[in-house]
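Each protein sequence line maps, in turn, to chains A and B. With the first letter of the first sequence counted as 1, position 89 gets the number 89 in my numbering; the numbers rise by one all the way through. With the first letter of the second sequence counted as 1, position 86 gets the number 199 in my numbering; the numbers rise by one all the way through.
None of these hints come from the bench; they were simulated from the model. Just so you know, these numbers come straight off a predicted model, no measurement behind them. From the three backbone atoms N, C-alpha and C, an ideal C-beta is built for every residue, glycine too. Mixed in with the good hints there might be a few duds.
Stated by the list, open to error - Cut-off 20 Å, straight-line C-alpha distance, at most; resulting in silico cross-link-like pairs (DMTMM-like, lysine to aspartate or glutamate): (1) A:Lys59 x A:Asp84; (2) A:Lys105 x B:Asp151; (3) A:Lys59 x A:Glu39; (4) A:Lys112 x A:Glu15; (5) A:Lys69 x A:Glu83; (6) B:Lys127 x B:Glu172; (7) B:Lys213 x A:Asp55; (8) A:Lys108 x A:Glu5; (9) A:Lys42 x A:Asp84; (10) B:Lys122 x B:Asp139; (11) A:Lys112 x A:Glu83; (12) A:Lys59 x B:Glu211; (13) B:Lys213 x A:Glu56; (14) A:Lys69 x A:Glu56; (15) A:Lys57 x B:Asp208; (16) A:Lys105 x B:Asp139; (17) B:Lys213 x A:Glu45; (18) A:Lys112 x A:Asp17; (19) B:Lys213 x A:Glu39; (20) A:Lys108 x B:Asp151; (21) A:Lys58 x B:Glu211; (22) A:Lys42 x B:Asp151; (23) B:Lys122 x A:Glu39.
Claimed, not checked - Short derived list, chain B residues pointing at chain A, Cβ under 10 Å: (24) Tyr144; (25) Val163; (26) Arg207; (27) Phe215; (28) Ser218.
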Amino acid sequence: ILNVEQSPQSLHVQEGDSTNFTCSFPSSNFYALHWYRWETAKSPEALFVMTLNGDEKKKGRISATLNTKEGYSYLYIKGSQPEDSATYLCAFISGGSQGNLIFGKGTKLSVKP
Amino acid sequence: NAGVTQTPKFQVLKTGQSMTLQCAQDMNHEYMSWYRQDPGMGLRLIHYSVGAGITDQGEVPNGYNVSRSTTEDFPLRLLSAAPSQTSVYFCASRDRLEGKLFFGSGTQLSVL
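Bound-form chain A, shown alone (with noise of 0.2 Å):
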């Protein structure tokens, strides 16, 4: 069964903070990796789809990171706002493009005014 980590679980920050978060996942047979933020009373929204090694991706004051040979990625927010409070999901693809994602199980953040 393929595992996706991602950490901390949860987070509290200042507005104006600048904060990152991790995602872990298997380094062999990588296709893509996903990131999804996802508002409370919403539904998930795509944030970023990387997929080759080293790839940096940035929208507005968040930005990501991967990794595939060491199996991690990096999520980015510079400068928190309260409407950043969210939880930010990843997603992996392995063994092509049909595959499914798996999802961990996100990082809450929450950024106080």
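Dock chain B against chain A, hints included.
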């Protein structure tokens, strides 16, 4: 642009009752899937489909049936509901280009 439409939003069932969760997408995505979300667990795949007429089991398929007669629709059936099926259910379709999932709004199901 509707995206993925999932109904109902909430449902309460008694043990042994049956019901169907509806899911429709208007993005012409071939891949569709059903997940369940339970406290302390990641999203777990129930069933998925890579195109009309093709379905397959995910990680937790027991107690659920699916069918895919059209590209747009992918209903999930609970034939005889059990309390263990109390969960939040999400339907999702996947775009072929980037592979990212588009989720429905979720169904909160309670089985008493």
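> Is the straight-line distance between the alpha-carbon of lysine 122 of chain B and that of glutamate 39 of chain A 20 Å or less?
Replying inline: Holds - the C-alpha atoms of glutamate 39 of chain A and lysine 122 of chain B are around 17 Å apart, at most 20 Å.
> Taking only the CA atoms, is the gap from lysine 213 of chain B to aspartate 55 of chain A under or equal to 20 Å?
Replying inline: Given pair lysine 213 of chain B, aspartate 55 of chain A holds - Cα atoms ~16 Å apart, limit 20 Å.
>> So if I understand the rule, the pair passes when the alpha-carbon distance is 20 Å or less; does lysine 213 of chain B with glutamate 39 of chain A pass?
In response: 17 Å, holds
> Between lysine 69 of chain A and glutamate 83 of chain A, does the CA-CA distance stay at or below 20 Å?
Replying inline: With a Cα-Cα distance of about 33 Å, the restraint between lysine 69 of chain A and glutamate 83 of chain A is violated, given a limit of 20 Å.
> Is the Cα-Cα distance between lysine 58 of chain A and glutamate 211 of chain B 20 Å or less?
Replying inline: Within the cut-off at roughly 16 Å; holds.
>> Hint check: lysine 112 of chain A vs glutamate 15 of chain A, CA-CA at most 20 Å. Holds or violated?
In response: Given that 20 Å is the threshold and the Cα spacing comes to 6 Å, the pair holds.
>> Next pair to validate is lysine 213 of chain B with glutamate 56 of chain A; report whether the Cα-Cα distance is within 20 Å.
In response: 17 Å, holds
> Within 20 Å, alpha carbon to alpha carbon, are lysine 42 of chain A and aspartate 84 of chain A?
Replying inline: 14 Å, holds
> Hey, lysine 127 of chain B versus glutamate 172 of chain B, does the alpha-carbon distance stay inside 20 Å?
Replying inline: 25 Å, violated
> Holds or violated: lysine 108 of chain A with glutamate 5 of chain A, Cα cutoff 20 Å?
Replying inline: 14 Å, holds
>> Next item in the hint list is phenylalanine 215 of chain B. Is there a CB on chain A closer than 10 Å to its CB?
In response: 8 Å, holds
>> Would the hint linking lysine 122 of chain B and aspartate 139 of chain B be met if the CA-CA limit is 20 Å?
In response: 19 Å, holds
Of the numbered hints listed earlier, those contradicted by the structure are 5, 6, 16.
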